[in-house]
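Residues per chain are reported as follows:
There are 2 protein chains.
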Amino acid sequence: MAEQNKSKTKLQEDIKIQGEIVRKLKSEKADKEQINEEVAKLLALKAELGDDGPVKNFVLKTPKGTRDYGPPQMAIREGAFNKIISTFKRHGAETLDTPVFELKETLTGKYGEDSKLIYDLADQGGELLSLRYDLTVPFARFLAMNKIVSIKRYHIAKVYRRDNPAMTRGRYREFYQCDFDIAGQYDPMIPDAECIKIVAEILQSLDLGNFVVKVNHRKLLDGMFAACGVPDDKFRCICSAVDKLDKTFWNDVRSEMIDEKGLDPTAADKIGEYVQLKGGLELIDKLLQDENLNKQKLAVEGLEDLKLMLKYCDIFGILDKVSFDLSLARGLDYYTGVIYEAVLTGYSHKPNSGEGEAESVGSVAGGGRYDGLVGMFDPKNKMVPCVGVSIGIERLFAILEARAQASENKVRTTSTDVFVISAQKNMLEDRLKLCTELWNNDIRTEQSYKKNPKMLSQLQTCETEGIPLAVVIGQSEIENNIVKLRNIATREEREVPRANMVEEIIAELDKLRNQSK
Amino acid sequence: MAEQNKSKTKLQEDIKIQGEIVRKLKSEKADKEQINEEVAKLLALKAELGDDGPVKNFVLKTPKGTRDYGPPQMAIREGAFNKIISTFKRHGAETLDTPVFELKETLTGKYGEDSKLIYDLADQGGELLSLRYDLTVPFARFLAMNKIVSIKRYHIAKVYRRDNPAMTRGRYREFYQCDFDIAGQYDPMIPDAECIKIVAEILQSLDLGNFVVKVNHRKLLDGMFAACGVPDDKFRCICSAVDKLDKTFWNDVRSEMIDEKGLDPTAADKIGEYVQLKGGLELIDKLLQDENLNKQKLAVEGLEDLKLMLKYCDIFGILDKVSFDLSLARGLDYYTGVIYEAVLTGYSHKPNSGEGEAESVGSVAGGGRYDGLVGMFDPKNKMVPCVGVSIGIERLFAILEARAQASENKVRTTSTDVFVISAQKNMLEDRLKLCTELWNNDIRTEQSYKKNPKMLSQLQTCETEGIPLAVVIGQSEIENNIVKLRNIATREEREVPRANMVEEIIAELDKLRNQSK
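Top line first, the protein sequences correspond to chains H and X.
Position 340 (the first sequence) corresponds to 340 in our numbering; numbering is contiguous.
Position 109 (the second sequence) corresponds to 109 in our numbering; numbering is contiguous.
Simulated from the structure, these hints should not be mistaken for laboratory data.
Computed from a predicted structure; not experimentally measured.
Please note that a few of the clues may not be correct.
[To be verified] Some but not every residue of chain H turned toward chain X, in silico, with C-beta under 7 Å: (1) D14; (2) G92; (3) D120.
[As the list claims (entries may be wrong)] Restricting the straight-line Cα-Cα distance to at most 27 Å, the calculated cross-link-like pairs of lysine-lysine (DSS-like) are: (4) K307/X x K321/X; (5) K433/H x K307/X; (6) K450/H x K311/X; (7) K450/X x K307/H; (8) K425/X x K454/X; (9) K311/X x K297/X; (10) K83/X x K26/X; (11) K380/H x K32/X; (12) K433/X x K307/H; (13) K297/X x K451/H; (14) K511/H x K511/X; (15) K517/X x K511/H; (16) K244/H x K64/H; (17) K64/H x K26/X; (18) K89/X x K89/H; (19) K64/X x K158/H; (20) K450/X x K158/H; (21) K61/H x K29/X; (22) K311/X x K454/H; (23) K61/H x K29/H; (24) K61/H x K382/X.
[As the list claims (entries may be wrong)] Facing chain H, a subset of chain X residues (Cβ under 7 Å, in silico): (25) D68; (26) G92; (27) T95; (28) D97; (29) A122; (30) L129; (31) M145; (32) P191; (33) F235; (34) C237; (35) N409; (36) T413; (37) N441; (38) R444.
Note that beta-carbon positions come from the ideal geometry of N, C-alpha and C, so glycine has one too.
Taking the hints into account, I'd like the entire structure generated from these sequences.
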């Protein structure tokens, strides 16, 4: 381990330099986050010198671009996951999981310009590793490694990108993806259309207002580039320029194409005409008549695919949610066919226009067909066609959390049904006995961890936690072999024989659940 | 990013050297895993040179010490998680989540000798980060950061240790922990005993045969070390030597104490007498009479704590599962009170004795009290007492997976209830319409992704996947506005009007579920 071999003198020198960096930043009143980062480095160096002893005074934070989920956020997150998982299962998906890191080489050459955002692990001896950047490449590696030629699976897990975070809008460096993919050699567009149906079902179930799923096709894009006179070797970089159109104005994208990527201005202007087109089946038919495009075999193939997919979307009853949009490009290298991206239309989303810009959540799902990716992992280049979609759940969380904060209703973070209360002192053992009986009968039960808690504070716990029932005991209840059942909301109490306690509680809870339905 | 700045010449040189390493290992017929590692490095270097282009021919594997979970493993994993989460919720726990990496300094000085097993991330600019080593330190960081003084929470997530993997025994470098902790200033031993109750409930619910929860106390260990004449500054390192007693014979531990750690042999022999003691309340009482121990304030405090905890365990009905064991030490630095460790007694577990050693799973849960950890993160050193337990779920998975493999019953990996079958050609659109109706009514439905699948292959899918019902349509069904409902197990078919299809299916599925209860 390189760091352990650092000499003490070298460390002391590093600490001196790092200290100066911190002082300089502070004197310049630099960005607080940047100062924190450098202070953290300084303290880490000092800790190293100090023989691994505990560090005091360090910056108490999570790493840049990451967050903790406290219990209220977890309650929202689990609610959303349950709806998403139900949808995936409704469509017959299995699930699988892969390690959080992969061999570095597994990720190499899959992400185009975005590769620079991959997190690498330190070389501590052994293999060179990187944190996964998405769930698609690990899925393809899994298929090739296990020689699986068909599967329908979902995978919900965190992925890692060293991007510029924008946390209030749900953009993190560590974030969840919820992926659904169909791998296998099937008839055209049947799985592709089902992915859109799944996105629609999920967004509807989360109740996030209106949305639209933009669709386009990599072959159509390539055919269009050819028709506009883009040289073959510039397809990829022009495609990633087009990909920026959802965040930038055309004029900036045009400049990037011409000034940075060396494209002929005439070609750029032709592209500019196409990429502003959006519509439905009628646009597809119009483009099939377009004299420049319909000479391009790839463009025609892409248009025919899209036409068939929209027909299936019509049968699925979601055609009104689908928009064919020639400006949709998607950055990742591995797409080969249809591409999708879902946006919420209830939340405005404009490029920085100087006008009052509404809080925007960007795309909330994306995906497409990637028929070549598995083959990249197979020694014999054996292909497994795949299509899939990824739900950008963090952006949805951001909306759901903001909504919960604005709401009056408190989110419950436990599911405790019964609280065992003692009305007098020295009854801890009696409470423990009751808890044991309730736990052993699978009743979700809590009690105070104090020996002699006050009656009032026990009742308050029930109210703040939203626990519906209390079992109250005092000396007389013990002597008479009874307990009091108290309904926290109505404050009604009734006595039940100790021997019937469990069944009475189960019946009472059933009643309460039916009432709240 | 250091690597991107490497010059091409430097890279070519590195590739040459790495190539020689690989050739040398191969000619020496070295360990296959080691060769694979070095080949992987070589290919990564080549990929870097090759302008980030796709790598061919690389080693197709997950990183050392990690694994994929395919659908059957996931089904087992989810079954176990559900039981564990139910238990945590039965005891009123909330849940939370933290990032997979922390600032490096957050982990510094918490793990004693084990710190060398921490995974660091590469310095790519910005903060220095490490992968979490457990869930306890992030939990303490979370409490201090949010100034939380009491909470009962569970956290199920993966942690990372660069240890020597032993995968068949469930020892991985990436593995799940299921943690339950109670933070707060409470009366002695009430939360501590509940943690043991929770471990007992979980192990019982997973049906893994007999088990025992070993308990001991850090204060008792320290008092015992003092009574045996161990100098204060050697407590920690002698404690971590004792910790090896579950894997090593006393003679080896004794040598480590004397030869490596410089302990006086008389002191070591005194320790040797104590650490072979195990028992219950009677042993505690005996030790309270021990003239050496009962002069040590810490030892008496520890024994009194244990006595009270065992009393509560008795009320919980789990005293027969608890064994007071003076050889239990637990390696981590942060424990301050009671410590626990659960082992399955149905699976033999012996030190390497040269005799035929049975496959051992080691400890399946562990934990203890750590009253000082949160204070280490608080700027004013404000303490939040905590106690908790961590379920070593991978070892339990190893047993559950082996059991599933040995069993005749296939684990279902989907929960699809209905398969839509067409009996003739050119009925894809009719099938899609049926699927849409079923999905929109929340019925878990699949169909073939082929335009014209064969009848037999559709029925086979139902049987291999364990799908209970099929909806069968042909031209005559369409014309008569009916569908055929087929019970896959009995092969019975009946006709139902298309308009009643959904309700008929729901009723049929209810019936099947009640039958299988």
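Each hint, compared with the structure:
no.: 1; hint: D14; result: violated, 12 Å
no.: 2; hint: G92; result: holds, 4 Å
no.: 3; hint: D120; result: holds, 4 Å
no.: 4; hint: K307/X x K321/X; result: holds, 15 Å
no.: 5; hint: K433/H x K307/X; result: holds, 18 Å
no.: 6; hint: K450/H x K311/X; result: holds, 16 Å
no.: 7; hint: K450/X x K307/H; result: holds, 18 Å
no.: 8; hint: K425/X x K454/X; result: holds, 9 Å
no.: 9; hint: K311/X x K297/X; result: holds, 21 Å
no.: 10; hint: K83/X x K26/X; result: violated, 48 Å
no.: 11; hint: K380/H x K32/X; result: holds, 22 Å
no.: 12; hint: K433/X x K307/H; result: holds, 18 Å
no.: 13; hint: K297/X x K451/H; result: holds, 24 Å
no.: 14; hint: K511/H x K511/X; result: holds, 25 Å
no.: 15; hint: K517/X x K511/H; result: holds, 24 Å
no.: 16; hint: K244/H x K64/H; result: holds, 25 Å
no.: 17; hint: K64/H x K26/X; result: violated, 43 Å
no.: 18; hint: K89/X x K89/H; result: holds, 24 Å
no.: 19; hint: K64/X x K158/H; result: holds, 20 Å
no.: 20; hint: K450/X x K158/H; result: violated, 33 Å
no.: 21; hint: K61/H x K29/X; result: violated, 48 Å
no.: 22; hint: K311/X x K454/H; result: holds, 24 Å
no.: 23; hint: K61/H x K29/H; result: holds, 20 Å
no.: 24; hint: K61/H x K382/X; result: holds, 17 Å
no.: 25; hint: D68; result: holds, 5 Å
no.: 26; hint: G92; result: holds, 4 Å
no.: 27; hint: T95; result: holds, 5 Å
no.: 28; hint: D97; result: holds, 4 Å
no.: 29; hint: A122; result: holds, 4 Å
no.: 30; hint: L129; result: holds, 5 Å
no.: 31; hint: M145; result: holds, 5 Å
no.: 32; hint: P191; result: holds, 5 Å
no.: 33; hint: F235; result: violated, 16 Å
no.: 34; hint: C237; result: violated, 14 Å
no.: 35; hint: N409; result: violated, 17 Å
no.: 36; hint: T413; result: holds, 4 Å
no.: 37; hint: N441; result: violated, 10 Å
no.: 38; hint: R444; result: holds, 5 Å
In terms of the numbered hints stated before, the structure departs from hints 1, 10, 17, 20, 21, 33, 34, 35 and 37, listed from lowest to highest.
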